[in-house]
Amino acid sequence: VTTVAAIATSASVVGVTLSVVCIVVLLFVLKKRKRKEGDRAGYELATTSPLPEVSSPPPPPVDLVHQLQEELHTKNMLYEKQRIH
1 VTTVAAIATS ASVVGVTLSV VCIVVLLFVL KKRKRKEGDR AGYELATTSP
51 LPEVSSPPPP PVDLVHQLQE ELHTKNMLYE KQRIH
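Going by the UniProt record's numbering, the sequence shown opens with residue 1, and the numbers climb by one from there.
I should point out that these hints are in silico values taken from the structure, not numbers from a laboratory. Since the model is a prediction, treat every value here as computed from it, not as a measurement. Some hints could be false.
[Claimed, not checked] Straight-line distance between alpha carbons at most 20 Å, and here's what the computed EDC-like set of lysine to aspartate or glutamate pairs gives: (1) LYS75 - ASP63; (2) LYS81 - GLU71; (3) LYS81 - GLU70; (4) LYS31 - ASP63.
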């Protein structure tokens, strides 16, 4: 019984770690995208000739984060089932 509990705990720890990593990566990507937009705005101000309007790509939906978390959860559940059997 203790081995099953240990496996379940380690699997949940792995799941939490993976979801935290996903969130950190998403935040990093968002920050990088905002920085690029800021650089482009600075460049437009520095140049005297007007540049054509550049439409920025839409930010990733919040649903994407939830979808990734759900996929992680299902994979963790499958992993635990495989480990127990």
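Results of checking the hints against the structure:
1. With a CA separation close to 18 Å, the supplied pair LYS75 and ASP63 stays within the 20 Å bound.
2. A C-alpha spacing of about 15 Å is found between LYS81 and GLU71, which places the hinted pair at or below 20 Å, so the restraint holds.
3. With a C-alpha separation of about 17 Å, the suggested pairing of LYS81 with GLU70 holds against the 20 Å cut-off.
4. Simply put, LYS31 and ASP63 have alpha-carbon atoms about 19 Å apart, close enough for the 20 Å limit, and the pair holds.
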